[in-house]
Every structure is written in structure tokens, then in C-alpha cells.
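J.: Residue strings, one per chain:
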Amino acid sequence: MGFVGNLGDIFRILKHVFRQVFRRPFTYFYPFEDRPYPEATRGRHIHIREKCTACAQCVRACPVAAIRIDKEDKKFEKDCALYFDYTRCIFCGDCVSACRFEALFHTPIVDISEGDREDLVYGPDKITTLDRDPLEWRGRRFR
Amino acid sequence: MSPDILDEASVIWFGPQHVSAHGWATKLTLVGDYIVECDPNAGYFHRSAEKCLEFRNFRQGSMILERICMMEAFLAEYPYIAAVEKIVDLEIPERAKIMRTIMLEFNRIHSLQFWWGQFAGELGLFAMLLWPWVDREYTLDAFEELTGSRHTVSYATPGGVKYDFTPKFHAKMEIALSRVKERMPVFDDMLAGSPTFRLRTEGVGHYTAKQALKWGLSGPNIKACGIPMDLRKDDPDPNLAYGMIDWEVPTTHNEEHPGECDAFDRLLQRFKEIETSLDIIDKLLPLLPEGPIIDPKARAKVNRLPEGEGYGRVEGTRGVTSVWLKTMEKAQTPWRAKIRGPCFASYYSLKHIVPGARFADFPAIFGSLDPYPGWWDR
Chain Z
1 MGFVGNLGDI
11 FRILKHVFRQ
21 VFRRPFTYFY
31 PFEDRPYPEA
41 TRGRHIHIRE
51 KCTACAQCVR
61 ACPVAAIRID
71 KEDKKFEKDC
81 ALYFDYTRCI
91 FCGDCVSACR
101 FEALFHTPIV
111 DISEGDREDL
121 VYGPDKITTL
131 DRDPLEWRGR
141 RFR
Chain X
144 MSPDILDEAS
154 VIWFGPQHVS
164 AHGWATKLTL
174 VGDYIVECDP
184 NAGYFHRSAE
194 KCLEFRNFRQ
204 GSMILERICM
214 MEAFLAEYPY
224 IAAVEKIVDL
234 EIPERAKIMR
244 TIMLEFNRIH
254 SLQFWWGQFA
264 GELGLFAMLL
274 WPWVDREYTL
284 DAFEELTGSR
294 HTVSYATPGG
304 VKYDFTPKFH
314 AKMEIALSRV
324 KERMPVFDDM
334 LAGSPTFRLR
344 TEGVGHYTAK
354 QALKWGLSGP
364 NIKACGIPMD
374 LRKDDPDPNL
384 AYGMIDWEVP
394 TTHNEEHPGE
404 CDAFDRLLQR
414 FKEIETSLDI
424 IDKLLPLLPE
434 GPIIDPKARA
444 KVNRLPEGEG
454 YGRVEGTRGV
464 TSVWLKTMEK
474 AQTPWRAKIR
484 GPCFASYYSL
494 KHIVPGARFA
504 DFPAIFGSLD
514 PYPGWWDR
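Protein chains in written order, with my numbering: chain Z, 1 to 143; chain X, 144 to 521.
Hints are computed from structural coordinates only; laboratory data are not their basis.
Errors might be hidden in some of the hints.
[Stated by the list, open to error] No more than 27 Å apart at the CA atoms, straight line, and that leaves these computed lysine-lysine pairs for DSS-like:
#, chain 1, residue 1, chain 2, residue 2
1, X, Lys-305, Z, Lys-51
2, X, Lys-440, Z, Lys-51
3, X, Lys-357, X, Lys-494
Kindly generate the complete structure, drawing on both the sequences and the hints.
T.: The structure is reproduced here in C-alpha cells:
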């Protein structure tokens, strides 16, 4: 064989290498973009206080006691304030399925890291709003 | 063993830091390159799962179980659900039975895909470590589409299942299963067709069917000896759909040593397990009827259970997985829960299998038994 016999293979490899150099990478640039999540994704919660009736079913359903309720804090007629402790939450979805008034949902936001442990307890101001939309995917489709 | 040999023996701890020891610790006594004594040590993963179950109600308990073994999360949580359903009288809809069975088999495929990569990685085949894990991503995508979570699916609940199959889930499951079917011959060639791999696994970690029965092994570890012992066939759960279809229990026969198995036979057995799972899913999907997915009275009935005992079991990826529950009158939580994991037996059988083997064969032996520490430290 020798060098000449392998030329075809060498060109094939070079073609592949040059094609990959000018393509977008398969990996994604995480803080700026993220992969698409399905609708059912069990990410951080959102609490809709207008619909909440302070029945505390979510608190009872939680297997890890991650939800605290404050019935004194009222913004509407029947509602209450919820405190979600994301250092304890296991994202099992039991609180959402326990809510019969459509006042508690999961969102597709799964990256909720914070610099301080205390910041992971989401109080009524944080849990009722989404501070940002889910990140978008701009890279190549891997799967 | 003469005491002179033991004078030269050195004791080393395999784990808990070693990368392929998965966080458990096994004490090995070596003379030269040969292992003369193997002392498995349980306890490094202990998180009091059984005690935790006594403080969770009957809808919450399964969350603990699925965190014991993340690889087969749904297979791990199902025995708890089955035990609760034995105590309280619930009517499981036909659709839910079939959906549960499909998800159990799908979860088995996921666990075995993970095991392929892990086993090959332990033996130094790094390409084969990553390839099945790429395919596993498709399986996890399907789980995520259905339940919202990739590993801890929390799918079953007493009385039925939580989420209905959607067209998007069917599409993703189709992609994942076709990917497994497509790549099976490739992996078979890479492992069973590789002379290096065969040298490292053939004739290693030998035991007979009689020994396996004595040690209490189950699942693929005993089916590899040629014994068709499978709970799905021997004691089909009335709340699952295994009885609705015809399927064969896969077994492996070692032609050189009938009634015995080595690490290579256990690998072949796990290939056959995947084929069986694919076969069961293919046969069950057309049978999926329309209708409800949960008993409407289940939520109210499970709030307080009558006095009784329930024993739920399922054929897991690693063997028989079961949970026993004892409840008192109007119980909100179990009075006592006992988990029987499949891997306690396989981990402590190392004590008898390993002595006499070379040190380099140790990862091949315990990797082929597929032990998972959560199952013996519960």
C-alpha cells in the first residue's frame, strides 16, 4: 500500500476535519442558551395567588416539608403566601397534582442555583413571578 | 490456606474512593496478584430508607424508593405501590395496567443501557462506555416528555398512573426503542465480538446454579445459569399486564459448563433481557385501550388504610425487588416497612465468587453481577 495507497483515506479525514472546524459545536453555551424542555418538565414552581384558596393541600402533600404557608399574608380575598425551600424540594410534582384550584404549577426553569443558601427559599414575591423566560436553544440539533 | 502464604498477604480496600467502586468498600486480601479473601462491607450508602418510609404517607412513600436506585426508578417504586394496593381494595383500569407494564419494561431498558456502558468502562473499553449512554439520552428524553423528570419519574400512584401517554411521548418512545434495536447488533459486536473483552470475561466469576440458589441470587444472575426463574412469569402481578401476552423467559446456556455461568454469560443474559423487554413493549402497545388511567376513588381510599399487611414485588433489572408493609387501623403511614433489594445477595456472594481470581478480574466479576449500593444500604 504505502503513502499513495492511503491518500484516499487521508483526504477523507481532512475533509471531515475541515467540515467540523467550521460547523457550530454540538455543545451549547450554557449561561446564554439552553436545550428545549418539554411542557411537562418539573422545574421551579409558580404560585398564582388570585386562584389560591389557602387550603394547604400542597403543604400536606409535600413529602419533604419544603413548603411553608403563611395564611395571615393576604393579597386577595382567600389567598395565602407560600414559601418554597429549594434546598429541600425534590421536584416530585405532588404539590402541583394536589392543587385543585389551578393555583400552583411547575415551570420549565430548572437552573435555580444561587450564591447564598438563604436565597434558595423563594418567598411570596419570588414564587409568584418568573424573573426570566427559559433560555433558548441556538445550537445544532443533537437529538 | 497455609499461614505462611498469609504472612506475605497484603490487604487493600477496593473503594470507597476507587472510580469503579461506585462508592462502596470491599476489603481484599491479596497474595501477589491473586485474591485470597474478599470481605464486602455494606453501610457506606445507608440513609435509613425503611425508617423514612414510616414517616411518609402512602402517596409519598414511593418517592423514597425511587431514590434508592435511580437507574431503575420506576421498577424500584412499583413494589411499594403494589404493597399498598394489596392492603386497600382498588380497581386499576385496564389502560393503567398496560401503561405501567410498558413503563416498567422501558425503565428496564434504561437501566440495562446504563449497565452496558458502566461494565464496559470498568473493563477499560471507553468508547463502549459512552455509546450506550448516548442512546440512553433518547430514553431519558421520552421519560421527561411523559413525566417531566428524567430519572425520578414518580409515575405510578396507588390506583393507577399519574400521567397519560401523549402523541409526543409515543413519538419519543418510538425514537428511543428504534435506536436500541438499531444499535444492539453494534454493541453485541463490540462486546461479544471483541477478543479482548472475551478474554477478560470468559471463565471469570464462575458459579453454579445450585450455588446461586443457595446465595439467594435472582434476576439475570440466575437466569444466566439456565434457570428460567422470573417473577413476571412465575407470579404475575394482577395489576400488571404480563399475563395478557405471550412471551418467553430469556435464559442463557453455557455449552462448556452446563448449569454454570461466568461474567460473559451474564453479559449475554442482559442482552437477551433487553430483547425480551422490546418484545413485551411491542406486543403491549397495540393492546392499549381508551379509558381512565386511575381509579377515581383511589385518592380518598389511600388517605387512611385498614389494618393489614401488604407484600409487593416485581422482577427488577437486578433481580427480585420487594417491599413489605404493615399497617395499623386507620393508618396514615406504615407501621413498619421492609425493603428487600436484589443486590444484597449479589454483593455478599462476592465473598464466595472472588477468592482465587486475579485482582484485575475483580471489576469484571462485580460489574457482571450489576450490584447497586442503594439496594443493600436501605
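J.: Decide, hint by hint, whether the structure agrees.
T.: Cross-check of the supplied hints:
no., hint, result
1, Lys-305(X) <-> Lys-51(Z), "23 Å, holds"
2, Lys-440(X) <-> Lys-51(Z), "25 Å, holds"
3, Lys-357(X) <-> Lys-494(X), "13 Å, holds"
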